[in-house]
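Engineer: Residue numbers (our numbering), protein chains in the order written: chain X, 1 to 339; chain U, 340 to 661.
Watch out, some of these pointers could steer you wrong.
[Said to hold, decoys possible] Facing chain X, according to a computed beta carbon distance under 10 Å, are these residues of chain U, among others: (1) 342; (2) 343; (3) 347; (4) 458; (5) 462; (6) 465; (7) 611; (8) 645.
[Claimed, not checked] With a cut-off of at most 30 Å between alpha-carbon atoms, the simulated DSSO-like pairs for lysine-lysine come out as follows: (9) 456(U) / 128(X); (10) 456(U) / 265(X); (11) 456(U) / 486(U); (12) 265(X) / 355(U); (13) 265(X) / 486(U).
[Unchecked claim] Over 12 Å on every C-beta distance to chain X, these chain U residues come out as not near it, computed from the model: (14) 415; (15) 461; (16) 464.
Simulated from the structure, these hints should not be mistaken for lab results.
Here the structure is a predicted model, which means the values were calculated and not measured.
Each residue gets a CB set at the ideal place from its N, CA and C atoms; glycine is no exception.
Residues per chain are reported as follows:
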Amino acid sequence: MKCLIFGYGYMGKIRYQALRNQPEVRFVNVVDPYVDPSTAELNGILIPANAEIPWEEFDAVLVCTPNNVTAELCVEGLNCCGRVFCEKPPGRSWEDFCRIAEAAERRPGHTLVFGFNHRLHPSVQAAKALIGEGGLGDVLYVKGTYGKSGGLRYRESWRSQPSVAGGGILLDQGIHMLDLFQLFLGRLTAVDAVLARSFWDCGLEDNAFVLLRSERGVPAFLHSSATLWKHTFRLEIGCRNGYLTASGLLSQTGSYGREQLIIGKRQFEDESLALGNPREEIIHFDRDESWDKEIQEFIAAIKEGRPAKHGTLEEARHVMELVRDIYAVSERSLSGRSL
Amino acid sequence: MWSIETDQTFPLSSVKPFDGLRAYRERCLAETKKALTAATRRRERSPITGSPLLPYGTLEGLDYLRCPDTGSIFLAELPSSAEWARLLSAVSRYRQSRETFHAEIAQTRHENVHHPKLEWIRSTLRMQQLERPAVLEVVTPPSDVTKLLTASGVFRDVMTVNEMDLVMQGPPAAHERYGAAMLFESLDRVDDPAALLQAVVDRLVPNGLIFITSLVCSGFDVAVLGLRNMYLYPPDRTNCFSLHGLERLLAAVGLMLLEVSTPGVLDLEIVDTHLRHDPTVVVSAFERQLMTADAETREAFQTFLQQHRMSSFSRMVGRKRA
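Here chain X stands alone, though its shape is the one from the complex (with noise of 0.2 Å):
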């Protein structure tokens, strides 16, 4: 198998490695016009910016650009190669979104997956496994705090420019956090949403405070800061019978912490033990095996012909679906209190 990525920045660069961790792919190329040709690690893979992509080569292609140019490479990737991995966010808006979607069902028999790893970081499939039936019974709650402290140069990035970026950090960091309370909760609608423009100055939200309600009627809230100076990842599912705790985020730099789940487990039938203090567990997990698995699984729905098992356009639908609909409920409350 032959694939083609466009973009080698950070994102690039992770599913560069992840591919050539697959035994069935056996070159991989590369399209950046921001990157040095004479780059050594890229010696004979980069294809220049200006020339014509020899599309036949190519058995996949995976769109890892600023939002920018994702809507457009993804159609593009699917007219021509029909096997398209895009990293989020599936575009700007919605209606880069609906492009990709539209372009997708033009073409029959396309697989098309949408890089939300997060799904498949070792404490969030942990905790799957551990509600509902797992133990912990129907989730009450979800509340997620993922956030960072954008950085030297994060007013210069192109995440902080509206024109290329499309939304502020509830779209490039919040989104994934969004993801998992709808693997968690299902479909969920937007009851209310803060965004401020609290530091960065860009023109772009940098804290989003949402509140949300499943189609169950359980609430989520979710806080996504581009001004957590902590870098922080933290995610808590009250459970019928205990609850659970997902923090740090086992990555490339390590700067969310060591990733761990709590479980507690609900105590108050046995009152000779403290009340309100229940034992607890924790996991700590120190493989992330959630780019392999990503790319694994996409490698895997190519060559057995069938639907992706995560990253669907389904989900990414509902998810992209919610960041509108969250835009739109913070608009009509700010104007509302104006007014």
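Add chain U to chain X, keeping to what the hints say.
Structural biologist: Structure of chain U alone, referenced to chain X:
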């Protein structure tokens, strides 16, 4: 791979009381010495790496040797496998009799030892999406937990086998295939732990899981007390692997490690108990300070041992590669 930390606490007296242990330990040592009056063989090489074993020390007249690569320690002299099997059976029957402390604390051992193990297995099976596998329980019969396993509904079938028989049986029959296997301290007591592990792995289906618990010499109380540790004696602790040694042993038979944990809660209490019972036990000033520290400090240190895989109670989950 993951590791597990727990804030479950229980006193040493509820699972292996020091005073009760002495009589049991003496009987174990006497039975071992009796078994060793028959023709013996000396272990020359590490069952983990094959390197020549080095002298480690003597425990009540019995030599222990050390694997130079992993720090694991092994009883030097062993009788024939048949004699060893007889010894393990005799000790197991004694443990199950009314004469030992085990009978007196059956209920607290159930709550603090057996039940948590079952919960551990149940959670792991859920996380690995393995539903009601047939399980191979590897023990020296009679087993403390067969009834619990059967009644739990976690397994489709529970097959209890004698660990020494398993090695001697040779290759498994076609029907001997299990989705999971458990070896609770089996590797600590058999005469050929590598062969036992291989025999169990041979009986697992691809992707089948193996659950192992073991006392490890890299854990705090064994590291501090060495062979003076009253909880270290043959035949129950004929082998005392380091955590790293145990990991290598599992990897050598083609297991992928999913969990490596040391969720022990008793390391500090064990050292403290030794110091109180035997004033001749010498520890460093650091260890002495730790033992006399306040409860909060001791608790934090025990948590640290769990978090960093440095307690002496270890447990592992391995998956047979497809």
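Engineer: Out of the numbered hints, which ones does the structure contradict?
Structural biologist: 7, 15, 16
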